[in-house]
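Peer 1: Residue strings, one per chain:
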Amino acid sequence: MTRGLWIALATLALLPFASHSQFVANLAMLTAISAALGQAWNIAGGFGGLTSFGHVAFFGLGAYADAILQTRYGFTPWLGLPAAALLGGGVGWLMGLATFRAGLRGSYFALVTLAFAEAFRILANSIGITGGGSGILVKLHTSAGNFQFADRRAGYAAALALLALATFAARRLAVGRFGAYLMAVRENEDAARALGVRAVRVKSAALALSGALTALGGVLYVQSYLYIDPPTAFSVERSVEMLLVAMIGGAGTVAGPLLGALAVHAIADTTRSLVATPGVAPMLYGVVLLLIIGFLPGGIARFVTRPAHA
Amino acid sequence: MLEVRGLSRRFGGVRAVRGIDLDVPAGAIVALIGPNGAGKTTSFAAIAGFVRPDSGSVRLDGTDIIGWPPERIALAGMVRTFQITQPFAGLTVAENIRIGAFLRESHRNAATRLARELGTELGLGAWLDRPAAALTVAGRKRLELARALAARPRLLLLDEVMAGLTPTEVNETVALVRGVRGRGATILLTEHVMQAVTALADRVYVMAEGAMIAQGTPREIAVDQRVVEAYLGKGAAARIADG
Amino acid sequence: MALLMPALVGGLLTGGVYALVALGLTLIYGVLHIVNFAHGSLLMMAMFGAWLLAAKFGLDPLVALPLLAAIMFAVGWALYRFVIGRVAHGDDRAILLATLGVAVVLDNLALVLFTGDTRTIETPYALQMIQAGPLLIPLAKLIAFACALLLAGALWAFLALTDTGRAIRAVAREPEGAALVGIRPDRIFALAYGIGIACLGAAACLLLPSFYVSPQVGGVFVLVAFTVVVLGGMGSFPGAVVGGLLVGITENLGGLYLGEDLGPICVPLLFIAVLLVRPTGLFGSVR
Ligand SMILES: Nc1ncnc2c1ncn2[C@@H]1O[C@H](COP(=O)(O)OP(=O)(O)OP(=O)(O)O)[C@@H](O)[C@H]1O
Ligand SMILES: [Mg+2]
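Residue numbers (the working numbering), protein chains in the order written: chain A, 418 to 727; chain B, 43 to 285; chain C, 367 to 653.
For the record, the hints were derived by calculation from the structure and aren't laboratory data. Yeah, the Cβ is synthetic: ideal placement off N, Cα and C, and Gly gets one too. Hints may contain errors.
[Unchecked claim] Derived list of chain A stretches under chain C, where covered just means 3 residues or more per stretch with a C-beta under 8 Å from a C-beta of chain C:
hint	segment
1	536 to 542
2	630 to 643
[Stated by the list, open to error] Chain B residues, not near chain A, derived (Cβ > 10 Å throughout):
hint	residue
3	A90
4	P112
5	E113
6	R189
7	A193
8	L218
9	V222
10	E251
[Stated by the list, open to error] Just a few of them, taken from the derived set where beta-carbon distance is under 8 Å, the chain B residues facing chain A:
hint	residue
11	F53
12	Q125
13	I126
14	F130
15	R225
16	T240
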């Protein structure tokens, strides 16, 4: 059953390459980025139970790292990838050490991440190197060396690569020692520590990994849209979408964010084709989140995969 | 191996532990007994780094470990169980035990194998792939024990792992604890099941109202007047003698 | 100095209303032990309510205050009864996510109903100033401050002196004990949530004459409200009042010294600093 699911997902992922429609490729790219970001959130929020409301902080840092390096210092955008991952990972690690050492958990952690994202947004809005409120425009010059592609299918391929990387990381968590420790800390921190699990370190490392992957998503965003400004880079809506994708699909499962991204985009695109009023689709996200929490805490993954504890 | 001196801890107005001394020689099984609320669990928590003592020292193999976080103490070879069981509720029983196994066995297949073997040995075989939340109270007690054993501790602190077990299960567990000692581990345990204490302990310490009131062999403790009084109230020993 | 005094006084006045917003939040936390992430969005809803009453029915916000507080009480009560309490199964993370879900729904509902435009209302006293020595104080803010503190006092009296208030405090301290003496905790929970949200109805009427409303203001206020509450100490009544005043002042001083763009960073930084350094806040007891 699980194997069948993965084959179905892989086939679905390859379909857009067969189409010549840029519209389809664009849709596929957006869905893949959502899934990758949801998976990144899932690593901390699902496997580690570190409910973050401000994950967009890492996305924005990655986006700005990439945009600043190429526009101000003339580096190739390919360098943006490792730079963003390093920055996102480093900030995630430090944020984790600071908050977990202070003993923040649950709702407090969620709120603190939100505050970090907000602080970064205000900072980006008011300092010079980010271009302040007017943001950064990357010059259009499509070429592989420039990590800009005229064909949206190439952008989609890049998004798929990030999704594959994030899913690989999640898969390692699901089977390995580090992931087992992370889940143990989520379930019962004291019991884990009694068995020698360095809880603060494990949680910080998960946040670092998650932050690095999220920052890579920011790079892909900049390379596709060639523009970034503070409200886009650090929008609360993106934080919520990351959480939503993971929660709807099934937090703490490997396939969850993929299913969640498909569901969220299906909701969004159907709604948008039916009603043009802005706000209707995101409102439905909220309703779906409430329904999931209330009636299907395991997310869609519960339907599709065999429950682990049968 | 473990040397406790003058350990004290208060909670608000309650002096839960008042300057106790305790020695656990390597290879021994030592029991810490006392009536409810005597301060046994608090002593364990202070020794294992879960609560910070107000004063006193705890030495493990000669090293002062006061102020060490619990995970560091566990890595140094001292592992405790919880009287109020603390399962990883959302993980399976096998996964629970595997967390302990990972302490000494970083390879995941080996850790999984060890966890399943230990679980089966402790009578959790049928439960290995079910969530720990589904276990009965007795099952949870065994899980506590299995998890701690999987970590291959040099010094094992068992906090009432036999409470709630049937007499047969108590006998099994007694045999198991002996076996663990036989493999070289040292054990400090608290227990209300006297049969188990008598059967296992080389040395018994008795606490009441936070203070250490007696120590000796199980035989000596059984006839100690202070101990009987601590359990049954003042004058009880005299009444028993008269009666 | 010429700038400092007005900034301090302005901050203090705004802080009074923040205190009222935070009182609702701290009451909900103190009684239900839940972090109500929908607080900002519910305030935004209430502000749209005040705007509707003023713009469509010509009702002055100060006149509409009791009505809107009553409406918001009903909204809060029903929201807890039929959504949050139902969905969350008493699990902390589920409750937090449920309140997030409610916030997402409300923010976007407002976008659907009112579009993203920014709205203000006109009151005869909106631009009036009062001369106090060298200071010019906006009348609307002064009224808001006075009313907010008055309402905070009334809420305190209600909790301290009435039977219902005592029942609420009993449930806050000892839900099981309260259940034993015949208080039904689930009713008290819905009641307390309702009262917490009623504070927002009142606060909305006090804010609107000198502020604007748009679907985004929920996001602005939620962080402010939580900063006030953690600064004062989660669940602490005097903490919420003092915290409100301090946050109002901090915000204004930030604007004064760091400028329009960077100034707002003070609130999230204060929030982070309090949680990292003193999570129990000024008046909180150990969690
Ligand atoms: N976290 C705490 N806060 C306040 N008081 C505590 C706390 N932990 C323990 N106590 C008190 O300290 C005293 C000792 O408790 P402890 O649990 O150590 O006793 P015990 O000997 O393990 O009892 P039992 O045999 O019932 O397990 C008791 O009076 C208890 O109420
Ligand atoms: Mg005990």
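Peer 1: Checking each numbered hint in turn, tell me which of them this model violates, lowest number first.
Peer 2: As far as the earlier hints go, 2, 3, 4, 5, 6, 7, 11, 12, 13, 15 and 16 are violated by this structure, in ascending order.
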